[in-house]
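Q: What follows is each chain in one-letter form.
There are 2 protein chains.
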Amino acid sequence: MTHDSQLTALLLVGESYSDQTLFYKTRFLAGDPFIYIERDGRRTLVVSSMERGRAEKESSVPEVRSFDDFGYRDLLRELKDRGRAFTAVLGRIVRESGAERLAVKGSFPALYADYLRAEGFSIDIDPQLLVRQRRAKGPEEIEAIEEAQRATERAAGRAVEMLAASEERGGVLYLDGEQLTSEALRSEIEVTLLRDGVDSAHSPIVAAGPGAADPHWSGDGPIRAGQAVVLDIFPRSKRTRYCADMTRTVVKGDPGPELRSMHQAVLEAQEAALARVRAGASGRSVHEAVQAVFARRGFSGGGPGPRYLHGTGHGVGLDLHEAPHVGDVDEELVENDVVTIEPGLYAPAVGAVRIEDLVVVTRDGYRNLTRFPKGFEL
Amino acid sequence: MTHDSQLTALLLVGESYSDQTLFYKTRFLAGDPFIYIERDGRRTLVVSSMERGRAEKESSVPEVRSFDDFGYRDLLRELKDRGRAFTAVLGRIVRESGAERLAVKGSFPALYADYLRAEGFSIDIDPQLLVRQRRAKGPEEIEAIEEAQRATERAAGRAVEMLAASEERGGVLYLDGEQLTSEALRSEIEVTLLRDGVDSAHSPIVAAGPGAADPHWSGDGPIRAGQAVVLDIFPRSKRTRYCADMTRTVVKGDPGPELRSMHQAVLEAQEAALARVRAGASGRSVHEAVQAVFARRGFSGGGPGPRYLHGTGHGVGLDLHEAPHVGDVDEELVENDVVTIEPGLYAPAVGAVRIEDLVVVTRDGYRNLTRFPKGFEL
Numbered sequence: 001m002t003h004d005s006q007l008t009a010l011l012l013v014g015e016s017y018s019d020q021t022l023f024y025k026t027r028f029l030a031g032d033p034f035i036y037i038e039r040d041g042r043r044t045l046v047v048s049s050m051e052r053g054r055a056e057k058e059s060s061v062p063e064v065r066s067f068d069d070f071g072y073r074d075l076l077r078e079l080k081d082r083g084r085a086f087t088a089v090l091g092r093i094v095r096e097s098g099a100e101r102l103a104v105k106g107s108f109p110a111l112y113a114d115y116l117r118a119e120g121f122s123i124d125i126d127p128q129l130l131v132r133q134r135r136a137k138g139p140e141e142i143e144a145i146e147e148a149q150r151a152t153e154r155a156a157g158r159a160v161e162m163l164a165a166s167e168e169r170g171g172v173l174y175l176d177g178e179q180l181t182s183e184a185l186r187s188e189i190e191v192t193l194l195r196d197g198v199d200s201a202h203s204p205i206v207a208a209g210p211g212a213a214d215p216h217w218s219g220d221g222p223i224r225a226g227q228a229v230v231l232d233i234f235p236r237s238k239r240t241r242y243c244a245d246m247t248r249t250v251v252k253g254d255p256g257p258e259l260r261s262m263h264q265a266v267l268e269a270q271e272a273a274l275a276r277v278r279a280g281a282s283g284r285s286v287h288e289a290v291q292a293v294f295a296r297r298g299f300s301g302g303g304p305g306p307r308y309l310h311g312t313g314h315g316v317g318l319d320l321h322e323a324p325h326v327g328d329v330d331e332e333l334v335e336n337d338v339v340t341i342e343p344g345l346y347a348p349a350v351g352a353v354r355i356e357d358l359v360v361v362t363r364d365g366y367r368n369l370t371r372f373p374k375g376f377e378l
Numbered sequence: 001m002t003h004d005s006q007l008t009a010l011l012l013v014g015e016s017y018s019d020q021t022l023f024y025k026t027r028f029l030a031g032d033p034f035i036y037i038e039r040d041g042r043r044t045l046v047v048s049s050m051e052r053g054r055a056e057k058e059s060s061v062p063e064v065r066s067f068d069d070f071g072y073r074d075l076l077r078e079l080k081d082r083g084r085a086f087t088a089v090l091g092r093i094v095r096e097s098g099a100e101r102l103a104v105k106g107s108f109p110a111l112y113a114d115y116l117r118a119e120g121f122s123i124d125i126d127p128q129l130l131v132r133q134r135r136a137k138g139p140e141e142i143e144a145i146e147e148a149q150r151a152t153e154r155a156a157g158r159a160v161e162m163l164a165a166s167e168e169r170g171g172v173l174y175l176d177g178e179q180l181t182s183e184a185l186r187s188e189i190e191v192t193l194l195r196d197g198v199d200s201a202h203s204p205i206v207a208a209g210p211g212a213a214d215p216h217w218s219g220d221g222p223i224r225a226g227q228a229v230v231l232d233i234f235p236r237s238k239r240t241r242y243c244a245d246m247t248r249t250v251v252k253g254d255p256g257p258e259l260r261s262m263h264q265a266v267l268e269a270q271e272a273a274l275a276r277v278r279a280g281a282s283g284r285s286v287h288e289a290v291q292a293v294f295a296r297r298g299f300s301g302g303g304p305g306p307r308y309l310h311g312t313g314h315g316v317g318l319d320l321h322e323a324p325h326v327g328d329v330d331e332e333l334v335e336n337d338v339v340t341i342e343p344g345l346y347a348p349a350v351g352a353v354r355i356e357d358l359v360v361v362t363r364d365g366y367r368n369l370t371r372f373p374k375g376f377e378l
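These protein sequences, in sequence, are chains A and B. Using the numbering used here, read the first sequence as starting at 1 and increasing by one per residue. Using the numbering used here, read the second sequence as starting at 1 and increasing by one per residue.
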């Protein structure tokens, strides 16, 4: 908590499949809205009566209560509207906590803020609320991320095996008599992840050829020999809810000189970036190391040639994209940040090369959680 | 839009993996925040420069612009904070639209509302914004839901086949020499869904025996002969983003008289509920039909015996749970609502029975999108 006054409560409201801060504080996974309030050391979770038993078993919060404890049923009868009854229950929970001020996240709904202000409470909206706490990962969190990372690498391994085993016919790759497509590789990656208990709700990128110059294109269609295939896999463990993230770029057949020099440059840029990673370093300096390598190799944009289109990395934890941002804004890395380092080059005529590792920031450097090889030509 | 004044703009801000209303209006899927504004017939999508190309190709919005068109880069240099730069860009987008009032959803962040109010705009927070529009599904939406429903049934079919093929040894079920567990059935369901391009980020419920009396327990461990197994599958199509939802309860071995009579009652309750479904009917009357059957059969709660713990259904579309609620609040069904009808009975000593179909509400009844049989004993 950033507010230590005894009259301030931390208030989180939402559902914890998408609100990872709510999951972080409660370790309770539910698809319907619930409420967490913390004041002066007292931590309370309030859920629907149907969820109460599960919340008592599964959550990390000592005190679990139900909406009905705050008169939800009567409010529903009176107001005839589930949303209004829920808001009124929220008001009662806050009043009972004894708080006068509420510390809430940047995403806290204006609907509730307006209601609570009208009820006499002050609302401190803090976009950084719990962001810093979530950054420095504990040993169990790092272990969860590594477990997801291992599954990611097993899945990437399957895709690379399939590409390596494929054969060229008329410029197109074939495997077991069928054209090898992005869809087939993606399906194999997803099934491999799932068998490891890892979720691919955000489908992996399997992007081959010129289309991959759009960094978020997920890729489709047959893969041609000599095309760079960007494999970017970023799943979430169903059990722990922690994410992993890795990108490799590979090619079956002759990539030609331009793709080859792009791959060399990206490898070198990643090494330069990693060399600057340590607690206390600025994310901007890491990003500038990448830009310097690309500039030196003549890939600094301007013409139609390969360019660098995005930041160098981001934090990974319960959210796939979380603080810090490693890019053109000064953000100091802290010990046990888990961040990606993912330079890439994008050329509309030929495609893309991106290489992404996941590392834990340490006092004097980093520990790389990624073990997958970075070879380009299969 | 519920506000037709020319000076009011509809404003949506968020990321469209979790904000389905944003996806509904833009058909653009992105994991990082973006902005949609609509005023006086002009519809504009504003995304990061990296997403612009993809947004132009994939979204349904005629006008696509980038944050940089509104000075994001300069703001970032000036403010040195991505969140504040984004908020300032939002203010500029709203100002350029010419709107004076903004219609926003219930979940609209207080952070943005406060900023925009300070800039002189009025904010109309409407929890019902676009909710009604999203309810009545068009033909393509119903087709997408049916496609997800077919995949759901193929996956349920695999689980039922495995249970049917299992053999009892010492009270426990075995398949291919191994104990048959909830985990094994869940994995088979998930892989089957995934091969159909359907996502199971929300893992299916495979809950056997007494633990299933907690309706949201997802289930684990070996399954015993005679235990009711609740299979509740609610995936989302990766391609269309539309959801499906189905529950069946099956048993291998002798369930005994109590579970058998629970299953009969739930079947009868579902038929009674379905008989009341039609455009213009109240969701409450559908729910009351279920309660009446359970009361008549002596399952109205009170003692430790089987009870009904939840509403009778909910809308399904881009969100798994969306309007209308079919339960103890008056909500009138409209033509082309797609809703679940899912009565259940829960008895801590023996377990649970729930049966759930997905139906389209029609003028004089409903069309059942569910084809899966409702047999109990395998």
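Since the hints were derived computationally from the structure, they do not count as laboratory data. Yeah, the Cβ is synthetic: ideal placement off N, Cα and C, and Gly gets one too. It is possible that some hints are incorrect.
Claimed, not checked - Negatives, chain B to chain A, calculated, CB over 10 Å: (1) Arg82; (2) Asp114; (3) Phe121; (4) Glu268.
Stated by the list, open to error - With the C-beta cut set under 8 Å, the calculated list includes, among others, these residues of chain B facing chain A: (5) Glu51; (6) Ser122; (7) Ile142; (8) Thr192; (9) Ser237; (10) Thr240; (11) Arg241.
Unchecked claim - From the derived model, a few chain A residues whose C-beta atoms are all more than 12 Å from chain B: (12) Ala30; (13) Ala85; (14) Arg92; (15) Ser107; (16) Ala113; (17) Arg117; (18) Glu119; (19) Pro127; (20) Gly157; (21) Met162; (22) Arg186; (23) Gly226; (24) Ser285; (25) Arg297; (26) Arg363.
Q: When the structure is checked against the list of hints, which entries are broken? Sort them ascending.
A: 1, 2, 6, 7, 8, 9, 10, 11, 12, 13, 15, 16, 17, 19 and 22
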